[in-house]
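**Q** Going line by line, the protein sequences match chains A and B.
Numbered per the working numbering, the first sequence finishes at 1463, counting up by one with no gaps.
Numbered per the working numbering, the second sequence finishes at 129, counting up by one with no gaps.
Hints should not be assumed to be uniformly reliable.
Taking CB as the label site, the calculated pair distances span [to be verified]: (1) B:Glu80 to A:Arg1306: 51 to 57 Å; (2) B:Ala62 to A:Lys1331: 53 to 59 Å; (3) B:Glu55 to A:Ser1320: 30 to 36 Å; (4) A:Arg1268 to B:Glu80: 25 to 31 Å; (5) A:Asp1459 to B:Glu55: 54 to 60 Å; (6) B:Ile110 to A:Ser1247: 41 to 47 Å; (7) B:Pro69 to A:Ala1318: 44 to 50 Å; (8) A:Glu1428 to B:Glu63: 37 to 43 Å; (9) A:Tyr1305 to B:Asp52: 46 to 52 Å.
With a straight-line Cα cutoff of 20 Å, these simulated DMTMM-like cross-link-like pairs (lysine to aspartate or glutamate) come out [what the hints assert, rightly or not]: (10) A:Lys1153 to B:Asp65; (11) A:Lys1331 to B:Asp101; (12) A:Lys1361 to B:Asp101; (13) A:Lys1433 to A:Glu1462; (14) A:Lys1331 to B:Glu61; (15) A:Lys1153 to B:Asp101; (16) A:Lys1153 to B:Asp108; (17) A:Lys1394 to B:Glu83.
Stretches of chain A that chain B covers, calculated by requiring three or more beta carbons in the stretch to come under 8 Å of a beta carbon on chain B [to be verified]: (18) 1178-1188; (19) 1231-1243; (20) 1413-1423.
Calculated directly from the structure, the hints in this document are not laboratory data.
We treat Cβ as the ideally placed atom computed from N, Cα and C, and that holds for glycine.
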Amino acid sequence: MALFSLSGIKISGIAAAVPENKKSNANYQWIAIRERQSLMKNIGVETRRVALKGTTTSDLCVVAAEKLLQELKWDRTGVELLIFVSQSRDYLVPTTACIIQDRLGLPHSCVAMDIGLGCSGFVYGLSVIGSMMQSGAFKKALLMVGDISTLTTCYRDKSTYPLFGDAGTVTAVEYDSNAPVMHFNLQTDGSGYRALMIRDGGARNAMSRQSFEIKKIGKGIYRSRLHLELDGIEVFNFTLREVVPNIKKLLASTGGTLASIDFVVFHQANRLINETLRKMLKLETDKVPYSIRDFGNTSGASVPLTMITALKNPLETGKTKLLLSAFGVGLSWGSVVVETDRICIPDLIEV
Amino acid sequence: MAKYFTFAILKLLKGDMEEFIKHIEAEFDDLKPGVLMADSNFRETFEWNSINALILIAMVKTEYDVTLTADDLIQSKTVNDLYSLIDNRKSKS
């Protein structure tokens, strides 16, 4: 069981950038007005940010990183570890993190790599960066998490198009031997990989002429094999089956309780899923912040984006104990208990 | 005596069904109380779409700790069909 603890690392700052271009689900004419209203109320997405063609996840992350480095007054020659967690990389080849290392002017002594995870990406990324740092070999690191999901959703697929929004985030992680311990519980069930996938364009099914054909899948659902597909009920049931036991095991292993946690930040899957999780864990509403109404499901960026947009004040001004829980595509999921102390949070950047 | 027990069990089941219907009514604003019956075809009694399917699954998970799959929903026609599924799985767990 992937239950483990990391010491000697702390989060020093978090920044995010979203596209300025805003789409409102009230105007999503592919579905009837009543269904749009139900979507906004129950799935919880009113507006989403949609990147213009040519803008990549790394563009958003780099803008956020420039701002964060400036506010933290970090000397970039001291940043020797960069991890980019995304499923919308700049190119199939090479690794996006290498390009970002150069764009940010980080030293050649910098370790840079991508991790190809989506919804669970922030928790996984933090565990990898923390594991590498806890020896003290790296003093400063950047964890970038984000996706441009709207590039691969089909307008005529009501199960994906109105759900996803784009965002890029960056988290500054520092070595500090006095930092409180972080506790993780990470899990995987690849048997559910078909629940969220893009079928063609990878090595298993190379892109072909047929990849582009848009077919009717169901009522209100048309897409090609290059579009993102989502099996709503499958993902929903996976989440309700796995997330609560994952959190309970994590807390049991640390001897902690939910009562000691100030905020539980969930991946912003959809409002109905998250509210059901909240009720299953018997959490008060003010302990569970949201960003889904204004930004949609922003894939791996959703946890840090929610921290920035909903918890800026408590995170900036004092100490907090957080439980972050992220779950989805893979299927991959995990939770972390992390304590913060006055972290730097620049205002959300619009690009 | 046997008659009394049958009556008690029927009453118990009826009470549980009433509660199940109340839970469904609480989730769907456009469903007026008293319209949905045990033998109602739920797809025809209130608007049936993918979002409402998720709402129903969420309610059943929260209230009964039972997971309904896409196949369960496809194979169920009436409120009673759904309730029997839930009852069956609850007694097994």
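**Q** Compare the structure with each hint and give your call.
**A** So, going through the hints one by one against the coordinates:
| no. | hint | result |
| --- | --- | --- |
| 1 | B:Glu80 to A:Arg1306: 51 to 57 Å | violated (31 Å) |
| 2 | B:Ala62 to A:Lys1331: 53 to 59 Å | violated (26 Å) |
| 3 | B:Glu55 to A:Ser1320: 30 to 36 Å | violated (54 Å) |
| 4 | A:Arg1268 to B:Glu80: 25 to 31 Å | holds (27 Å) |
| 5 | A:Asp1459 to B:Glu55: 54 to 60 Å | violated (49 Å) |
| 6 | B:Ile110 to A:Ser1247: 41 to 47 Å | violated (53 Å) |
| 7 | B:Pro69 to A:Ala1318: 44 to 50 Å | violated (56 Å) |
| 8 | A:Glu1428 to B:Glu63: 37 to 43 Å | holds (38 Å) |
| 9 | A:Tyr1305 to B:Asp52: 46 to 52 Å | violated (38 Å) |
| 10 | A:Lys1153 to B:Asp65 | holds (12 Å) |
| 11 | A:Lys1331 to B:Asp101 | violated (29 Å) |
| 12 | A:Lys1361 to B:Asp101 | holds (18 Å) |
| 13 | A:Lys1433 to A:Glu1462 | violated (28 Å) |
| 14 | A:Lys1331 to B:Glu61 | violated (25 Å) |
| 15 | A:Lys1153 to B:Asp101 | violated (24 Å) |
| 16 | A:Lys1153 to B:Asp108 | violated (25 Å) |
| 17 | A:Lys1394 to B:Glu83 | violated (30 Å) |
| 18 | 1178-1188 | violated (count 0) |
| 19 | 1231-1243 | violated (count 0) |
| 20 | 1413-1423 | violated (count 0) |
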